[in-house]
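Make a model of the complete structure from these sequences and hints.
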Amino acid sequence: MNKAFLTILILVVALAIINLIPGLTKGLGNFVYAVFSPIERLFSNAGKGIINCFQVLISISELNTENLALKEKNIILETEIAELKTIKQENEVLKQALNISKAEQIKTDIAFVVGKDIQGLQDWILINKGTKHGIKTGMVVISQEKALVGRISEVLEGFSKVILISSKDSNIAAMLENNRTEGLIKKNEKGEIFMDFIPKTEKIELKERIITSGTDNLYAKGIFIGTIETIDQSDNQIFQKITITPAVNFSKLEQVIIIK
Amino acid sequence: MKYFCIVLYIIVIFFLQVGILPNLKIFNVFPNLFLLISIGLTILIGWKKALLWTISLGLFLDFYSSYNILGISTIGMLLSSFLTQFLNQKYFKKENKLSIILIFTSAIIFYELILLFFFKISDTGYDFYLSKLIIRIIYSLILALPMFYIEKWYVDKIK
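Protein chains in written order, with the working numbering: chain E, 3 to 262; chain Z, 7 to 165.
It is possible that some hints are incorrect.
What the hints assert, rightly or not - Okay, the calculated beta carbon distance ranges per label pair: (1) E:Glu194 / Z:Leu119: 22 to 30 Å; (2) Z:Val13 / E:Lys192: 48 to 56 Å; (3) E:Gln98 / Z:Ile127: 52 to 60 Å.
Because the hints were derived from the structure by calculation, they are not lab data.
Values in this document were obtained by computation on a predicted structure and should not be read as measured data.
We put the beta carbon where it would ideally sit given N, CA and C, even for glycine.
Structure below.
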């Protein structure tokens, strides 16, 4: 028992010293990530590939139906893209006319996802950009499809940790895109993200888009978060509660954009 | 050959923990195989001989966690290792499946409570739910027993 106590004591003292020396923990972390992140990425991609193979075999009967639905949606989206291209051109012309310089445009950086919480206790990812790339704590991270991923929580020299919107630490001020009803996005016991305190008088529909409202001063306004999956209008509750399907599939996230 | 087997085992466990299990979550939960290795080795060879494994795996988990203090997982795994040793020597001297299950369950619960304690102190978000703990224990036990018997086979072989 004495040896056990002594071992704990020595370990606690050693860890306390390591934590107290400025920059040592971050330096060690940077070294560990530099060594292990390529291996983790390799294993993570291999694992996803194996699981996908099994999923394809299991869902092979649903693939045809899904394929037809996707083809229809693709046609609709292509039409929208054509309209958006026109709008983009008009936007460029207007910017030039109003002399809005490129310096006022949003600066971004692209990063790869090279790690994640391997205990599965908290929702965060590791990206391969850090202080030497100009990354700072609090910067917003979005996906390539411009949907909200999360926020930078810790920055090392060559890596950064991103707290995902599905993390318990993330409380995001959001609103419904159509009727502009505001609320707070949180996480429930099952790991689903939901929005609470929506008055029952508000008419909302499934698949309606949720965007950031910008009122928390953490995320800019208008970033796409997800769509309404279920609506709970139980009589024993004062407010409606909605669960949200995130626009980003975090398990398949490989590349992100950091808004500087 | 001895070291080759150990390295191969570490690679397989790492691959499962990083590549496979995050894609096989049940209610957003999956087991911590590093913790299971530490518990299994403590049962088989004692906490002193398993100490290097416990500390190495714990430090690795610390780096791949979002809390800013290095050592929380390490201390958690070490204390769980002590509890495992204590239960193994005092109450479950006769090794059978039930005693193994009870030791693993106790150690996993103890580890979770230690993490919860540290998260509460550091005011970091850690969504502790009893239902998730129960699911994690059951999921862990499904993998813990085969892992334990693989480790036991290897330890008996090198003896």
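Results for each hint:
no. : hint                            : in the structure
1   : E:Glu194 / Z:Leu119: 22 to 30 Å : 25 Å, holds
2   : Z:Val13 / E:Lys192: 48 to 56 Å  : 38 Å, violated
3   : E:Gln98 / Z:Ile127: 52 to 60 Å  : 56 Å, holds
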